[in-house]
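Below are the chains, spelled out letter by letter.
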Amino acid sequence: MPASKYKNGEQRMIGVIGDEDTCTGFLLAGVGDKNPKKGLGPNFFVVEKMTKQADIEEGFRSLVSRDDIAVILICQHIANDIRYLIDEQTAIASKSALPCILEIPSKQIAYDGSKDPVLSKLRQFLGEK
Amino acid sequence: MAPFPNKDSDEVLDKSAIDEELSDLAVDLLLLSQELINTKLKLETLSKAGWMEMAKARYIMGPSSVSVLQLPTQESEKPVCASATLDVSQCQRNSGSVRYNYYSLCPPSSPSEEQTSGSDGIRLRKFDINVLSEDGAAGSKVEKVAAAAAGGSSAGRSSVNDPIRWFGFMPPMPLRQSQNHFKSAVDTVVEIANIQSEIRGVEDRIKFLNRTKKGKMESKVEGSISTQDLEEEKVLSLEPLNIH
Numbered sequence: 000m001p002a003s004k005y006k007n008g009e010q011r012m013i014g015v016i017g018d019e020d021t022c023t024g025f026l027l028a029g030v031g032d033k034n035p036k037k038g039l040g041p042n043f044f045v046v047e048k049m050t051k052q053a054d055i056e057e058g059f060r061s062l063v064s065r066d067d068i069a070v071i072l073i074c075q076h077i078a079n080d081i082r083y084l085i086d087e088q089t090a091i092a093s094k095s096a097l098p099c100i101l102e103i104p105s106k107q108i109a110y111d112g113s114k115d116p117v118l119s120k121l122r123q124f125l126g127e128k
Numbered sequence: 000m001a002p003f004p005n006k007d008s009d010e011v012l013d014k015s016a017i018d019e020e021l022s023d024l025a026v027d028l029l030l031l032s033q034e035l036i037n038t039k040l041k042l043e044t045l046s047k048a049g050w051m052e053m054a055k056a057r058y059i060m061g062p063s064s065v066s067v068l069q070l071p072t073q074e075s076e077k078p079v080c081a082s083a084t085l086d087v088s089q090c091q092r093n094s095g096s097v098r099y100n101y102y103s104l105c106p107p108s109s110p111s112e113e114q115t116s117g118s119d120g121i122r123l124r125k126f127d128i129n130v131l132s133e134d135g136a137a138g139s140k141v142e143k144v145a146a147a148a149a150g151g152s153s154a155g156r157s158s159v160n161d162p163i164r165w166f167g168f169m170p171p172m173p174l175r176q177s178q179n180h181f182k183s184a185v186d187t188v189v190e191i192a193n194i195q196s197e198i199r200g201v202e203d204r205i206k207f208l209n210r211t212k213k214g215k216m217e218s219k220v221e222g223s224i225s226t227q228d229l230e231e232e233k234v235l236s237l238e239p240l241n242i243h
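Protein sequence lines correspond, in order, to chains A and B.
Take the first sequence: its position 108, counting from 1, is numbered 107 in numbering that gives the first Met the number 0, and each next residue is one higher.
Take the second sequence: its position 235, counting from 1, is numbered 234 in numbering that gives the first Met the number 0, and each next residue is one higher.
Just so you know, these hints were derived from the structure itself, not from any lab.
The structure presented is a predicted model; accordingly, all values stated were derived computationally and were not measured.
Cβ atoms here follow ideal geometry from the backbone N, Cα and C, with glycine treated the same way.
Be careful, since some hints might not be right.
Stated by the list, open to error - Computed cross-link-like contacts, PhoX-like style, restricted to lysine-lysine with a CA-CA straight-line distance of at most 25 Å:
{"hint": "1", "chain 1": "A", "residue 1": "K48", "chain 2": "B", "residue 2": "K47"}
{"hint": "2", "chain 1": "B", "residue 1": "K77", "chain 2": "A", "residue 2": "K36"}
{"hint": "3", "chain 1": "A", "residue 1": "K114", "chain 2": "B", "residue 2": "K47"}
{"hint": "4", "chain 1": "A", "residue 1": "K114", "chain 2": "B", "residue 2": "K77"}
Said to hold, decoys possible - Here are the simulated distance ranges between beta carbons:
{"hint": "5", "chain 1": "A", "residue 1": "Q10", "chain 2": "B", "residue 2": "N209", "range": "35 to 41 Å"}
{"hint": "6", "chain 1": "A", "residue 1": "S64", "chain 2": "B", "residue 2": "E74", "range": "16 to 22 Å"}
{"hint": "7", "chain 1": "A", "residue 1": "K114", "chain 2": "B", "residue 2": "N179", "range": "26 to 32 Å"}
Model the full structure from these sequences, guided by the hints.
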């Protein structure tokens, strides 16, 4: 049966946490946003080789706490470093399911389906039955 | 569903309906997971093509010309408006049993919005001779000219706000191709978000059905225990046989 909308939508943005090339690419596509007048910083965070773990965690928390971001793209190798934060956020956002956190393939490491949390949770789910 | 007079058959029917729905949802989950993997691999392909073209552009323009230095920073005062925004709405299927968020890309913003979002403080004035010749008063023409300019230069204004302009006035073709690849990647990202959201909705429905099924089984067991107790009490309450 086809799906149907039952509630009007809200306009939101896409946030990006990734390496230099990933952020540059998605910003080229028009995802980037920044409005200093409203006190809103950039909706992306560039992770370089020298970026500290604490800074990555702070960047993730700042994007997750924003009301105007619906989807956060995060490179898989960065997500592995802050896995506990992502799991915590997924547990908290169980009702509204926003923002949706998507792990995307990164330039350094090829996409590994076995490490994708959505798929691993799905396997556990089906296995429990 | 019409209620059945026999309580046992009614419970059996509900249980079978739950089991049937659980089977259908399990099949849905398998299909969605396969779709998710395929879409993520498609995203990886698009991203790789985009990175390759970006590397070519970097080779042409220089390493520092296509880097994080061109991206808007926290300290810069100039605002940046996202052209790729999402519309988030609630979606349902299977008669409302499965609910999830649905994401769709919003159409590009109107020229009036782009006009007000500019922080330069400079108004673009274009004087159209045909508009001016209709009426003699120049003051009334300002509004008409502004409206004509807004309608006619929307394509020009959107090119001014194009992020590719951060990398130079005349960006090379590989950079444009990289931009196209990443625009396709954004479409794919929206597909992935929808699939993931639907998976979540189906999982929530499965959890609900499992809880309902467990509750029914527990109430049935309690019911059977209580009838067994009653029968035991009846047996115990029987008077002992007097053997003479």
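Status of each hint after checking the structure:
1. A:K48 <-> B:K47: Holds, at roughly 20 Å.
2. B:K77 <-> A:K36: holds, 9 Å
3. A:K114 <-> B:K47: holds, 20 Å
4. A:K114 <-> B:K77: violated, 39 Å
5. A:Q10 <-> B:N209: 35 to 41 Å: 36 Å Cβ-Cβ, so the 35 to 41 Å window holds.
6. A:S64 <-> B:E74: 16 to 22 Å: Holds, at about 21 Å.
7. A:K114 <-> B:N179: 26 to 32 Å: With Cβ atoms ~30 Å apart, the hint holds.
The structure shown violates just one earlier hint, number 4.
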